[in-house]
Each structure stands twice: as structure tokens, then as C-alpha cells.
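Q: Chains as they are written, first to last, in our numbering: chain C, 1 to 194; chain L, 195 to 384; chain E, 385 to 832; chain P, 833 to 1157; chain V, 1158 to 1361.
It should be emphasised that the hints constitute simulated quantities derived from the structure, not laboratory data. Note that the structure is predicted; figures quoted are calculated from it, not measured. Ideal Cβ placement from N, Cα and C applies to all residues, glycine included. Just to be clear, a hint being listed does not mean it is correct.
To be verified - One side of the interface only, derived from the structure: several residues of chain V facing chain P at Cβ under 10 Å:
hint	residue
1	Ala-1218
2	Ser-1328
3	Met-1335
4	Met-1341
To be verified - Heads up, simulated DSSO-like pairs for lysine-lysine below, C-alpha to C-alpha not over 27 Å straight-line:
hint	chain 1	residue 1	chain 2	residue 2
5	P	Lys-896	E	Lys-646
6	V	Lys-1359	P	Lys-900
7	P	Lys-896	V	Lys-1358
8	P	Lys-1143	E	Lys-786
9	E	Lys-431	E	Lys-467
10	E	Lys-391	P	Lys-1101
11	E	Lys-386	E	Lys-607
12	E	Lys-786	P	Lys-900
13	V	Lys-1350	C	Lys-34
What the hints assert, rightly or not - Beta-carbon label-pair distances, calculated as ranges:
hint	chain 1	residue 1	chain 2	residue 2	range
14	E	Arg-614	P	Arg-1100	38 to 46 Å
15	L	Glu-224	C	Phe-64	33 to 41 Å
16	L	Glu-247	C	Asp-130	28 to 36 Å
Spelled out from the first residue to the last, the chains are:
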Amino acid sequence: MSGDIFINVIYWLVINNVVLMQFLGICPYLGVSKRTETASGMGMAVIFVMALANAITWLIDSFFLQKFNLVYLRTIVFILIIAALVQFVEIFLKKSMPGLYKSLGIYLPLITTNCAILGAAILSVQQKYDFLTGIIYATATGAGFLLAIFMFASVRERLERAAMPEMFKGIPIALITASILSMAFMGFAGLVKI
Amino acid sequence: MKNVFILTIISLVAGLCLSGVYIGTKDQIEISKKAAFNNSLKVVLPFMKDKYEDVPPVKYDMEEVPIYPVVENGVLQGAALQVIGKNGYAGNIKVLVGVDKNQTITGIQILEHKETPGLGTKSADEAWWGQFKGKSLDKFKFKVKKDGGDVDAITAATITSRSVTDAVQKGLVVYREYAGSFNKMGVSHE
Amino acid sequence: MKLLTFKRGGIHPPEHKSLAEHKTIERPELPETIAINLCQHLGKPAKAIVKAKDEIAVGQLIGEADGFISSHVHASVAGVVAKIEKRMTAIGTLDETILITVDKDKTREQLDTLNKPKIQTIDALSPTDLLGLIKSAGVVGEGGATFPTHVKLSPPPDKKIDTIIINSAECEPYLTADHQLMIEKPIEILKGIQILQKALGVETVYIGIEANKPDAIRLFIEKLQDPSFRGIQVVSLRTKYPQGGEKQLIHAILKRQVPSGKLPFDVGALVQNVGTVFAVYEAVYCSKPLIDRVTTITGFVNKPGNYLLPVGIGFEQVISNVAGGFKDPERVREVINGGPMMGKAIRQLDVSVMKGTSGILVLSETQVCYVDEGPCIRCGRCVDACPMGLMPTNIAQDAQFKSTDTLAASMDCIECGSCSYVCPTHRQLVHWIRIGKTVFRNANRSSK
Amino acid sequence: MKSLVITSSPHVRSIERLTDVMYDVVIAMIPAVLVSIYFFGLQSLLITVTAVVGCMAFEALFLKIAGKTNIRATVLDGSAIVTGILIALNLPPTSPIWMTLIGSLIAIIVAKQVFGGLGYNIFNPALVARVFLLISFPVQMTRWVNPSFFKGDAITAATPLGMLKTDGLATVSKTFSHLDFFLGTIGGSLGEVSAVALLIGGLYLLMRKVISWEIPVSMLGSLFIFTGIFWMLDKARYADPIFHILTGGALLGAFFMATDMVTSPITRKGMLIFGAGIGVLTGLIRLFGGYPEGVSFAILIMNSLVPLIDKYTEVKKFGLVKVKA
Amino acid sequence: MSNGNTAWSTFADGIWKNSPTLTLLLGMCPMLATSSSVMNALGMGMAATFVLVMSNIFISALRNIIPKQMRIPCFIVVIATFVTIVDLVMAAYSPGLYKSLGIFIPLIVVNCIVLGRAEAFAYKNGIASSMLDGVGMGIGFTVGLFLMSTFREILGNGSFLNLPLFGPSFSPVLIMIMPPGAFMTLGFLIALKSYLDKRQKKGA
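Can you build the whole structure from these sequences, using the hints too?
A: Take a look at the structure:
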């Protein structure tokens, strides 16, 4: 089983990377990647919220929605949970860790609309992962996000100084870089088979 | 307090609306799901007349193979088997294999896969899997040519071809066993 | 003998020294007028103490040091002050300048007496006396930085100096003035070293000479057989630029690294240029102020060589009358005050020789390669070449994009030019780093 | 006299220029190109010429559209030629012309010019082109022929690594000897077949100081160690480390592509880390991944990490040691 | 604010000038994920347009009831309701499309376009103009998707709306229907848009 977990983690981390292969969380990926510091901050925040959200939505899903045959309310319930959770985390951070809040605070509201969080939560219950696997899945997916955004941010600092044609500056070149990164990550295809 | 109240009201209305839509669409969703599967079944079992027996999966070599036998007047006409091709290029490949009573292949369908688009996915084209039609275990070597068999591999996708070929062969083997036990005991729903 | 050198970076540009090498030091014809800048040194400009129409003698004090880091300026000729005005200097600043109409006969006469030694030994003089003599002679570092020598010789009391290093590396291509001075005046230089030893109370002295001057090395080893020169050793250094950089020289000889942002005396060392040592000798033994210096005039001129030039003589004069003129005026592109690596290109020829003018280099169109800057191709040659262990291309880019947070490193740059020299896309790295220094200083000032 | 020019110091420059560096790389690739012509005939010359001309043409076209002025100088600076030859060396000898041209287009436009041209690209253009083609045209990109020596028909064949992936080690050892890899009498892309030609080129580059030893040594070394460990664990299943170094463009990557200055770290320490990363990733993909060959992917991934490596391997400043009192 | 003229211009602007994905850079996840075939793209575009229009209408209608502090959760509830309706209807009547769009149908909830328009427009404007705005934005989104998917499908699969365009000898550029192709196409499309915008500005 532990071997399976390892293989799955590799799969979620690089082979089926949440950003580069699944296109989840593109907005923060492009928006919060101008500096490595903020990127890693955002990545950490995503891992944290993703794992937490996954745990809570899993519990709600199995002990409430499935029990009362309300699975069709999944989307609406999950998004409300995530929104509330982010609010809660924000308040919590503001009070107990002002330093962290200062660096992550502005990204937390963005996380609500980060489709990777909701996506991971829904996919996790759709794939019928058990509670623990779900959390590992969410953490690995979040780590995949961190990996992608961190690598990308360090490249982007260099791009800021490049003498590229005006029309490619900003988002276009970021997307083209993401494209090449995603090509490179395709080299991992078949590394593990699940 | 009033704010929370409004939110609750809105949520309740939304919930009610949704249950309405859900009840309205529930049956259709089931029908669609069934139809999709039935279409696949029809492709692999051209002789089937809209009816198959609902039987538990067959155990074979540590795995459970779902089987959908077609029985007419107590005689087994053939079956569709849902087999897993191991070691595909990027993971397992779920294949639906149709076998007739002569233990020859009548068709296959790729149900689930993670293969490379445009390459491994060619295994889903009849242009490729057509070569299995009418083949049986005794007259056809279910191995790709590179491994000394009779199967033409998809160009540049040997691994996918191998995996699918293995699955098809497994389907035939499982069917043979099932047919053996069927002839002894008849259709079993247990 | 093992050749010493500094550990990191450095380059080997073509030397081009053969043009002026071993040319005997000549004393040129005196010009009609002379223009002496009042800021010949690092620090505050001297204050003029003469006025127009004043008659002056050779060696007369005409500019008085103003403040602690400043230095006296003396007349290099006899004559009459024509006027005092702001003029462009050879290092590109605009400074008070005293113009003197030269009285050639008088000058010659007075120079002869001035050049004669007045004392035979320095036994009777105390360190304080020596420092006083050096200070009143207006001696400054002749290597190019022109730091007032008496200030350098008075380190803060808590810094103990244990070694003196005489910088005779002359690592700049083309320049041969120090080399020729060593060949012609070895005893005077050694006597000058003795003055430093006594002034600082330091026994150990190393004379660092690059291996491309074997005759100088041999000569000094021979002269050092005399037991009266105690504690002095010759060290031969590998020919590598910038061997003559203070921090590099200290590292090469003493294996001590001057910490970032600190000065040589922080590691107990003091570096003096060999020309300065000669000036110290003249100041003490002849009571002669620093009014002339050996300068190499070389490059695209008809008569390259080493000349003893009076401070204040015009570049135009020097090139056309002393060095035989340009080879082909049409093809001249740059005239440089100093060596090709660290010297300054001058804008016009009517500037005058200063105490720090170690060379006048004329470059033709074939020697100057002036091309547009290309993009950095990240080849890393500048990183390999930097003797200070910096990443020149990064600093330059930070300067270009004004991102001040990483510019602190620029303050360690010694502007030796190694990075720009090796850059295959001809990026003006030193130029950008200089801008970076200014940006950094301004940012620091405004944040304070 | 004309007026004097004022430039910032230093006033003399090394004679070595960008073009010299680039043309040195071109010279170093000549042995590999010649070998490919010898083995695969004029087809490989055609591919090389197409790739080079394609690169230069696309570069000129882009610069023209972007309204740049010094098009001629930029196109002739040698970098497009290097990219072109590298693309060719990475293609199989059966590559159709249109595919070669698409490769040039991707390399020059997508991987180089939109980033601002030479010096600003993050990824090695030739490798972006190769990976793009490999993913897009897997059939054409894996159609190998045996070296024909100008005689007889070219027989379709597999690369040793491809054979290893689909047929296992036993078949490979039956088919090839190490001498085959060394001389290049194997199937493969134009530039990956002959280890000896690549070594000659690589040594030339090292001698001319165009590249430094750090990247090739650390890359090949880590590949050797990585594959060596698995070989020691199971000699029947994993190929020996020498096999891995001699086959599949490991040498081509180590000497010509990983060492591309623009896309590799500046500092020596950084180069060592960069090379080691490539070696390990290559081994990982070759032994366990879906693709038989991993050098291109490994280099691209490490390319993206270069800014990070640079950041954490800044050279130590002179004078940061403690003062000895 | 809500006279017919401006409403009409917001509608027209949404389609091309302020194209949500190409200029405002919103909603890029579905743009990238569902543009590998024209069919998927149109399905996604229509689903998103439906949600946009309906949620705009309802939020505009309820704008006097929804309290300011609680508006975001309310918006989310309204939007999620319509998303779920789309989800259920699609599952029932178009199972093929439903399968290939997968997770991106429920993810319309967090599509920045929908929430953005609710916040920026519908909450402040009347029902009619909000509806027009929703239609404009929805069409703009669909146009962007359509452009991108046309390019990707033709190059990457050699077909348009699943109809093969070329003979069997054509080798499609497979990468175009894979993730790298999505990023690349969108990058060039946005660059092209900004180039055209700039040229228009210069011309005007």
C-alpha cells in the first residue's frame, strides 16, 4: 500500500500536475508568480487550504450528502464550505500568525476562486478515495501546484528583464513558458502507471 | 442576523429548485448512462438483442472480470467481458471484449485509458482492432508481431498494442472458463 | 622562483609593452604655458594661494591643502601666473586651474638645484618629521588613485601595520613608466622604502614585480645585497591583470584577504606605488615637491617612450612635441589618461598632465573596437574574470533595471575592467556597475 | 583629426566575439554531421541544410515583422546556425522536410524570439523543437533506419534505447556491441549515433574554452552513477552505465545542448548542480519512464531551474573571509 | 448607468473588445482545458453563457435584497445553483459532452468571469442590461473558446467539429490537443489580440 501511495504521489505531483496537465489553478499560477517569495507563499497556502478543504468536504460528502441522497448538491455545498474555510483561515492567521498573514493575506481571498481547490475536492470524492488517500491526494496536488508555480516564478523573474516584443510581455510569454514547461513535464509520462 | 437569514433563505430556495431539477433529470441520467454502456455492448456484441444476463463478475487470477453474457433459450450465445490491460503506456487500459459462442472475437471497445492522444488512442479505432474480429485462441497468436505473435502493433505504440492484445486474450480465456462452467450449471445469478 | 598571484579571476590582455619598453626616461622641452589643476588628488581640492600676475618659482606652493584628505599643489615651473579659471581636467572634472606663463631659463636653473639631494641620511629625522616633509611636498599615490600619501601613512592608532608592499606590478597593458623608473633609479627607490619603513616603524617590505620585467627583478635582487637595506624582499608575480590592484596584490603576496568594505590596513598591510616611493625619496632627500612624474606616452604616436613630465603640461603639447605627434591624425579615435583598462578617455586635448597621469595612450580606429552592446548570453566569462568574485553581469542588469536590493555587491567592484574586456557581446559592464554604485548610494541616502 | 571618442573603460577588448563562440560550436559539430552523412547519405545533409536555412529564414522573418533593424547581423551571428544544426542532429534520418521546417519554426519563434532573442531564452531552442516534434509526430520521430554505408537499402531499425524499452535488455545485447555505439553503427537520430564524433567535437569545445568541463562531467557522471546503481542491483534487467552514456544522445546533450550558455547556469557550482540534475532525470526517464530517451526532457526541466540555481550558487565574494587578527 | 445605449455597448464590448479571456484574462482554466475540440469548446461556451446570463439576471433582480456584507456567498449560491442545473441537464441529455467536459462543468462556479460580472455589473445594474451583459460576456467567452479550439482541433486532430478535413496522409500536430498546445495557443492568441488592439489604437 505504501508503495502505491508513493506512486500516486509521484503521479499527482509531476505526471498529472494540477497546473501543467490539468489546467487547474491557472489564475493564481499566472497572477501570483512574479516573485519566488510570493509564489512559494501562495503555493504553501494552497497546500494548506487544499488539504483542509479536502478533509472537510470528504466528511460532509460521506456522512451527509451521500447518506441523504443529496449528491447533486455537491458543487453548491463544497464551494460554500471552501469559501467559509478560507474566511476562517484568514481570521485565524490574522490573529495568531500576523507575519504569515502579512505575506499570504492578500492571496487568501484569491484562493476561494482558485478552481484547483474545488476541483481537487470534487475529484477526490468522484474518484472515491478514502479519507486518508483524499488528504494525501490533496497535499500532493497542492505540492504539485507549489512546484509548478515556484519553478515558474523563478523563470519569470528572468523574463521580466528580457527584451521581448511588447505584445508578448506579461501573460502571453508566461503562457508560452508554461507550454514549454508542460512539454518538459511530459517526459515524465509513464514514469509510474496507475 | 438578518444577513444570515437572507443567505439561508436564498440557499433554501436554491436547494429546492435543484431538487426539482434533480428529480426531473434523475431518470434521464440513468437512461443516458445505460444507453452509453449499451451502445458499447452493441458494438462488441453485434448479435445481442437488447438483453443480457445480470451476473456477478468472474474471478480470474486475483482479479474480478465483469461479464455480460447473452443467453437465448438457455443457450449461451456469447458474452462481453470487461478486462483490464495491464502495463499500458501510462497505466491500465479498460477494454470491453465481445466473444461469441464459437469463442471468437466479435468486437472490442476501449472503455478507459490514459494513453497518448493520437497514438495509443488509435487502439480505439476499428481500423486497428478490426484485426481481432473472428479470431480465436487456437488459430491466432495473441501477441504483437515483434514478440512473435500475429498482431500488427500500432506504429510507435507497441506498448499500448501489447496491453490491449493481452486484455483481448485474457477476455477469451475468461470466456472459455465461463462457458465451461455455464454448460455445467446454466446461468447463475449468484 | 615561484611566481605568486591572486587566486580568483584575472585576465591576460595582450601587453603591448614593447612600444615603450626600455626607452630611457627623457625630459621634454618646456612648453610656453602650463596649466596646473588644483585638484590633483582624491579628496577636497586645494585652495589657490596665488593670484594673477604673481611671479612664482619652481616648487613654490600655489595651492594649499584644504581639509584632512587633501594635498598641496606646487608650481612645476617658474614664471608668472596668467590667470586662474575653471578648466576641464584629464579625469573629466571641472576644476580651478592655475595657468602659468613659463620662464624657461629660470625654470631650468631652479630645477637643477631642486633635483640635488640636500641630505645624505635620514638618521636625524623622526617619523613625524618624515611625514611632515611628505605632506608639505604634496605627494599623492601615483598609481592612479592619487590618495594623499601622508594620510595613507597615518593609519588610525588601532590598526597595526606590519608589512609594506611596494606595488611595481604595472599590470596595465602598454604602460612601462614604473618599469623604467625602477631600472634607472633603484637606489633612490630603496632609499624611499627606507623612509616608509622608518615613518611607519615597519620592518617587512615586499617589492612585488610582475614576471614580465625580469631585468627589474634581477636589478633589485642585486641592489638588495647591500646590508643597509634590511627587511626588504623582491617578490616576482605572475603576469596577470589586475595584479596591481591593492587587494589582489595583498592577497598574492601575503595570502590575506582584505574584507569587503575594508581597507588594506585592516589586514595590517600598506601598499605604495613605486613611483610614489620615488616621490617620497625626492620629498625627503631633495625637499622637492611632487612637480613632475614619469609617464609613458604610447600607442598610435610616432615616438612612444617614457618621459619625465612636469605636472600641468598640456596633452596636446606632450603628444605633438614630446612624443612626435600622432601617426595619422585622421585615424586617431581615443586618447586615454592612464592605461587602457582603467584609464579615462579624454574629451579634448587641452587638458594637462596630473600627478596621477601614469600614461597617455593614443588608440587608433583599429585598436578601439567600438560596437554596440549585445545581449548577455550568460557565458559566465565575466564571472570567471572578476578578481573580486562578483557576478558582473547580474550587477549590470540590476543597475540597468534599477533593482537596488541586489546592488550592494557593486560597492565591492574595483572597476578593473576585466569583465568588460572578456565579454563576447561587448557589454559595458563596468559602466553599468558604476551607475549601479550611484543608484545604490542614492537609494541608501534616501532611505536614511 | 576627427573628434575623439569617449568610451567607458576598459578601452581595449578581448578579440573573442559572440560570432567566434558560435562558429566554434559549428566547427565542433562538423564531425557529427559528417558521420551522419556517411551513415545515412545525402538525406541527412538535406535535413541539416533545411534546418539551418529554416532557422535563419524564420529568424529574419520574425525580426522583420517585429520591426528590428539589424536583421542581417542577428541572423548571421551564428546562433541560428547552431540551433539549426542541433535540430538536425536531433532528428531521425527519415525526417520529412516539412517536419524539419516545423522544428525550425518552433525553435526560433516559440523558444527564442518571443522571449526576446538570443540571450533571453529560458529553454534551449533546439530541444524545445525536438520535444515538440517528438510529442507531435511520434511516428515520424521514431522511424529509424540502420546506417547503410551507402550500400543497399536502409532497413528500418530501432534505437538501442527504444529496443531496450520495448524488447528488453537481452535483445539489445544480442544485437549491438559497445563498439557499435562508439562508432555509431546503430539506428538513431543524425547526431546521436556516433559517440566518437561527438567526443571529438566536445573535446574541441573544451580545448577552445567555449564550454567548461563542469556540465558534461557532472551530467555524464551522475548518469553513470545512477544507471550504474541499478545495473549493480539487477544486471539482467538494467543496461550497464557505459551503454547509457554511449547511446541516445547523452553525449550530444552533454557537450552541445546542456552546455548552451544562455540556458545553463553562470557559476561553476551551479553548472555542477545543473549537470547532475540532468544526469539523474535522464536516468529516471530512461529506466522508468514511458519515453525510451530522456536527455531532452531532462535538459528542458533543468533549464527551467537555472534561475533558481543561479540564485543559490552566487560565487563567493572576495574578502568575505574572516580577518586574521 | 443603465440606459439602453451603454447596455448595448457593454454587450458589444464583451464580445471582442473586452473579450473576457483574451483581454481581461479571466476564466483561463476552462479556456485551456476544454478547447481541445470545437465540440467541447462550444458546449463549454454555452454552459458558461447560460450560467452567466441566468446568474446575472437573478443577482440583478435580487440586488436590493442581497445584503452588502453577505453578497459574495449569495452570489456563489445563485451561481452554483445554475451550474448544478447545467450539470444535471447535461448529464441527462448530452452524456458524451458531459463526460469530456468532466470536472470543468462544476468548476464554472469558480470561473472568475461569472463571479466578476456578478460583482462588477449585475449587482449594480438593472435586469435587462445585466442580461445583455451576461449574453455579451458569454458570447465573448464562447468566441475565444471557439477560436482557440478551431485552431487546436484543425492542427492537432486534422478535423473540425470531428469532421476530418485532410486525407489520411496528414499527420496532425498532436501536441496541439495536449496541454502544451493549449498553453501555447492561448499565449499566441492573447499576444495577437494585444497586437491588433494596439494597431487599432494607432489607427484611430
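Q: Could you tell me which of the hints above the structure violates, numbers in ascending order?
A: 1, 5, 15
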